[in-house]
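Colleague: Chains as they are written, first to last, in our numbering: chain A, 1 to 187; chain B, 1 to 399; chain C, 1 to 384.
Simulated from the structure, these hints should not be mistaken for lab results. Model, not experiment: these values are computed from the prediction. Glycine included, every Cβ here is placed at the ideal spot set by N, Cα and C. Mixed in with the good hints there might be a few duds.
As the list claims (entries may be wrong) - Over the 12 angstroms line for every Cβ pair with chain B, so calculated as not near, a few chain C residues:
# : residue
1 : Val68
2 : Asp134
3 : Asp153
4 : Glu222
5 : Gln223
6 : Gly315
7 : Arg320
8 : Leu365
Said to hold, decoys possible - The list that follows gives simulated cross-link-like pairs (lysine-lysine, DSS-like), each with its CA atoms no further than 27 angstroms apart:
#  : chain 1 : residue 1 : chain 2 : residue 2
9  : A       : Lys150    : C       : Lys344
10 : C       : Lys63     : C       : Lys344
11 : C       : Lys63     : A       : Lys105
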Amino acid sequence: MATVLNQYVRNVFDTAAAVFEGMAVTCSHFVRTPSTIQYPDRTDVRVQDTLPYRYRGILEVDLEICTGCLACERACPIDCIVIDAKKDKATKQMMLNRFDIDIAKCMYCGLCSEPCPTGSIHHTPEFEGADYSLESMLRRFVKEPVAAYKPKKVEDDPKIAPILERGMKYLDEFAAAGDEIEAEAEA
Amino acid sequence: MLQEFIDSLIADGLFGGLPRDVAYLIGMLAAGALVVFGFVLNVAGITTFVERRVWARIQSRVGPNRVGPQGVLQWLADGLKLLMKEEAIPFAADARLFKLAPFIVTIGFITAFVAMPFSSALIVADLNLGILYITSMTSLVVVGIMVAGWASNNKWSLIGGIRAAAQIVSYEIPAALSIFTVILITGTLSMQSIIQQQSWLPWDWFIFHNPFTFIGFFVTFVALLAEGNRTPFDLPEAESELVAGFVTEYSGARYLFFFLVEWGNLYVISAILVTLFLGGWQVPMIPVITDSAFGLNLLQALTFVGKSYFGVILIMWIRATLPRIRVDQLMTTCWKYLLPISFANFMGTALWVLIWPDGFLPAELLMTALGFGLVGYFFYRVAYHLRRSGAQITLSPLS
Amino acid sequence: MSIAGFEVEVDRGGGLETEEMTLNMGPQHPSTHGVLRFVVKADGEVMRRAIPDVGYLHRSIEKISEKVGWHGFMPYTDRVDYVAAMFCNQGWGMVTEKLADIEVPKRGEYCRVIAAELNRISSHLLSIGTMILDIGAITPFFHAFREREKINDLLEELCGARLTYNYMRIGGVAWDLPPGYEESVLAFLSQLEPMLDEFNTLVSDNTLFRGRCAKVATISAEQAISYNLVGPNLRASGVRYDVRRDEPYSVYPELEFDVPIGLGMAGEVGDSFDRYWVRFVEIKESMKILRQCFRQIPAGPVVAKVPRKLKPQEGDAQIRIESARGDMSWYAVSDGSEFPYRCKVRTGSFAAMSIIEELSPGLMLADLVTVIASLDIVAPEVDR
Ligand code: SF4
Ligand code: SF4
Chain A
1 MATVLNQYVR NVFDTAAAVF EGMAVTCSHF VRTPSTIQYP DRTDVRVQDT
51 LPYRYRGILE VDLEICTGCL ACERACPIDC IVIDAKKDKA TKQMMLNRFD
101 IDIAKCMYCG LCSEPCPTGS IHHTPEFEGA DYSLESMLRR FVKEPVAAYK
151 PKKVEDDPKI APILERGMKY LDEFAAAGDE IEAEAEA
Chain B
1 MLQEFIDSLI ADGLFGGLPR DVAYLIGMLA AGALVVFGFV LNVAGITTFV
51 ERRVWARIQS RVGPNRVGPQ GVLQWLADGL KLLMKEEAIP FAADARLFKL
101 APFIVTIGFI TAFVAMPFSS ALIVADLNLG ILYITSMTSL VVVGIMVAGW
151 ASNNKWSLIG GIRAAAQIVS YEIPAALSIF TVILITGTLS MQSIIQQQSW
201 LPWDWFIFHN PFTFIGFFVT FVALLAEGNR TPFDLPEAES ELVAGFVTEY
251 SGARYLFFFL VEWGNLYVIS AILVTLFLGG WQVPMIPVIT DSAFGLNLLQ
301 ALTFVGKSYF GVILIMWIRA TLPRIRVDQL MTTCWKYLLP ISFANFMGTA
351 LWVLIWPDGF LPAELLMTAL GFGLVGYFFY RVAYHLRRSG AQITLSPLS
Chain C
1 MSIAGFEVEV DRGGGLETEE MTLNMGPQHP STHGVLRFVV KADGEVMRRA
51 IPDVGYLHRS IEKISEKVGW HGFMPYTDRV DYVAAMFCNQ GWGMVTEKLA
101 DIEVPKRGEY CRVIAAELNR ISSHLLSIGT MILDIGAITP FFHAFREREK
151 INDLLEELCG ARLTYNYMRI GGVAWDLPPG YEESVLAFLS QLEPMLDEFN
201 TLVSDNTLFR GRCAKVATIS AEQAISYNLV GPNLRASGVR YDVRRDEPYS
251 VYPELEFDVP IGLGMAGEVG DSFDRYWVRF VEIKESMKIL RQCFRQIPAG
301 PVVAKVPRKL KPQEGDAQIR IESARGDMSW YAVSDGSEFP YRCKVRTGSF
351 AAMSIIEELS PGLMLADLVT VIASLDIVAP EVDR
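Given only the sequences and the hints, what does the whole structure look like? Please build it.
Modeller: Structure follows, in structure tokens:
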């Protein structure tokens, strides 16, 4: 009898104490700073600018430094990159006629930007891809056929040099980029 | 009161040559509409807003803050959205009952406001059965919930409805018993007289009257929580188990009514508690303000609503803290814990009143000290948790 | 008799005769964690049987592997268990490395373990958060998610994505740790500790929560083994088995950690509370592992030289790893071409699904959600 009563009082007391402590914890949250980021308009800086360098957002291609090597097209597991690169018979120049990325299909895996020799294809921190139609999600980078980039030992064109520098810096992030190309050359 | 007021309007010739009864009816309807639209709807709406903001802060979020300054009009936007939505009535539902249910629920809730005292003069009807009337009217809600659960012809709704019935009927008993501990002291059921027997001094409140009413306050609180279907007793609409319980099939305006009642009920629950245990609208006599009848009533109304709103926030805060209990535990809590305790309280208070019919001041002071001591210890624990977490502090409730 | 236009059979015999009710829980039910379906035979509030129905989230992931190649399959493994994608990455990486005889550099292995243990913490936080949400408390869920969000930020810094990481490559990892990563992870860990204590005060010590979990759906050790439960579910039943310790892979032999088991703190060994508690303790163990990793990580490359056109020799391989949901095994067959011939994943949630039917008789309806949550069933992992 005594133990039963004891247990009874203990149960009541335990529950009251648990509720008391729990409410103390939640009460202490009344004065804590909320951790919400009020995207999109009430942030101090654009959310895109706060993302880390490696963030894998919507893809972007710098055509000026694209060599037309098709490595990205081959790497993509879902074939959302379509490149049409042909050697122009007359000028012996590699011409890029078409470079499309279907961002509706893309899963932002980053496999395409890894093998690119110049860092031409790269992720941007942009992630706002919503659009009204599927067609408009097909990004066409080639407006009119352009000549593909020819790698040089030292880039001297002042227009292209900064772009290439950016591309190479982007490539540096990948642990494997350089090695894999070597491995492929060996294979 | 209302009748005299209408009489005076008739004397002023406002109703022309209308028969007296018709004039009364029009007057009553107008007053009812005023109460419903002027107070009840706003209270329920603003309560939803406050609840969301309170929750948000507890959960490290900011809550609604876009509609109107700081989002205070969010509830209006939500209400309008629900009003404009298409109302779907399930094909297999009992359409007539399905349509009726929200109104039964709403009646049960709104009529409770008739005997709700806001100040010494501001009360629609000071019924001599006041508290009994309010508890019986609020339990009318269960009929509506049962009807809603049955008429939806959805198994989840049905389970929700049955759970609500079982729960509300069971918890009526401890609730009534612990309300009657106060009645033992006052000897009256009228809301106004209950408040008049207390004063603005905390140790004159009935919560600190004796140790039994002190416990009785918490028992009433828990029992009323269960009656209002609030966490940890929100089983009838347990969203993780029953989808949405008895409101699963409702949409549009009818859903709005259930919503309204649920949040409006918070106010009713805390108003009952404030009236019975926390001194109601009693205010200290501050010469300048309380000299005029208007000033006095305003201060009293503000005090009452303020105290009730503290209760509302307390209920929200509990909801944000505790998990839901299971059906068997619900019944255990009621029949094994609340009921014996409230019986003991009842007997204890009866004895107390027999020995000290006019109260025992040292005990009252002691209970007050205990109560405030608990609150103090609580804030000590809050400070401890804050310090331990090392979190950043923002005092402003704005976002 | 006709009520509301429906014929209702009424038993007019003596006594209280009740009818069994068939409830359809899911696939769209708030607490089935994705799309699961249970057919519940209930007698009022008490269940007679709950029959799980799987297949609502089947995406043919194993078949996809046969079309996208060894390298190309890596991002798809993220989708096998999107709550703990690192483990699937690691599993695919390891099975291919075993097939193609590739050695992962030491630093690469450490990077893998760091990423995986961070992911384990975030997965367990999600699991205990949703469990308490299903039981009806809302705040602890947000607190758990707030911490999980910080891990997501860390992983985003590491690999550029918050959910589908695609961090690992065959032969190592894609990116080395970014500069200053150690400091940010250690800072996070040191602020996670008081948060976990607070979570304990708010949830684990709460008698209402314990009342909901204690002695609910107790799984004995024999039962757990015979139903092939793995991971925290198995350990909660008192079986001290952890692939990381018993069949060590990667650099786990070099790390020191405990394998927590259920102790029956709230009632019986193997009840829902134990499953919750084992996950809770595992978070602390993972924190321990992370701290050691940062102390021991060597310098060097993080990925081996792997040809882009990978052609493993013919044969098959099977590996096992300890994912957040327990022993996950990957099996792959190669026919010497650029594409896997067959791939098979064995996941913990599928086995956990099957035991529900056995556990359900006699439980309350409300307990079903507790059981699903405490077994930490993640719908995509069940079907793949
Ligand atoms: S990110 Fe992945 S899916 Fe998208 S284009 Fe590149 S390889 Fe293809
Ligand atoms: S984007 Fe890069 S990988 Fe793709 S074709 Fe151009 S240079 Fe080659």
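Colleague: Are the Cα atoms of Lys150/A and Lys344/C separated by 27 angstroms or less?
Modeller: Judged against 27 angstroms, a Cα distance of about 44 angstroms means the pair is violated.
Colleague: A cut-off of 12 angstroms on Cβ-Cβ distance, and Asp153/C was said to be off the interface with chain B. Does that hold?
Modeller: Non-interface label stands for Asp153/C: nearest chain B Cβ at 15 angstroms, farther than 12 angstroms.
Colleague: Gly315/C clear of chain B by more than 12 angstroms, beta carbon to beta carbon?
Modeller: holds, 48 angstroms
Colleague: Over 12 angstroms to the closest beta carbon of chain B is the bar; see if Asp134/C clears it.
Modeller: violated, 5 angstroms
Colleague: Over 12 angstroms to the closest beta carbon of chain B is the bar; see if Arg320/C clears it.
Modeller: holds, 34 angstroms
Colleague: Please settle this one: Glu222/C was flagged as non-interface, so is its CB more than 12 angstroms from every CB on chain B?
Modeller: Holds: least Cβ distance 27 angstroms, greater than 12 angstroms.
Colleague: Non-interface claim for Leu365/C: all C-beta distances to chain B beyond 12 angstroms?
Modeller: Leu365/C is in fact no farther than 12 angstroms from some Cβ atom of chain B, at 6 angstroms.
Colleague: Checking one constraint from the list: CA of Lys63/C to CA of Lys344/C, max 27 angstroms. Satisfied?
Modeller: holds, 9 angstroms
Colleague: Would you assess whether Gln223/C, listed as outside the interface, keeps its beta-carbon beyond 12 angstroms of every beta-carbon in chain B?
Modeller: holds, 23 angstroms
Colleague: Assess, step by step, whether the Cα of Lys63/C is no farther than 27 angstroms from the Cα of Lys105/A, and give holds or violated.
Modeller: Judged against 27 angstroms, a Cα distance of about 19 angstroms means the pair holds.
Colleague: With 12 angstroms as the threshold, tell me whether Val68/C passes as away from chain B on beta-carbon distances.
Modeller: holds, 38 angstroms
In the structure shown, a violation is registered for the earlier hints numbered 2, 8, 9, in ascending order.
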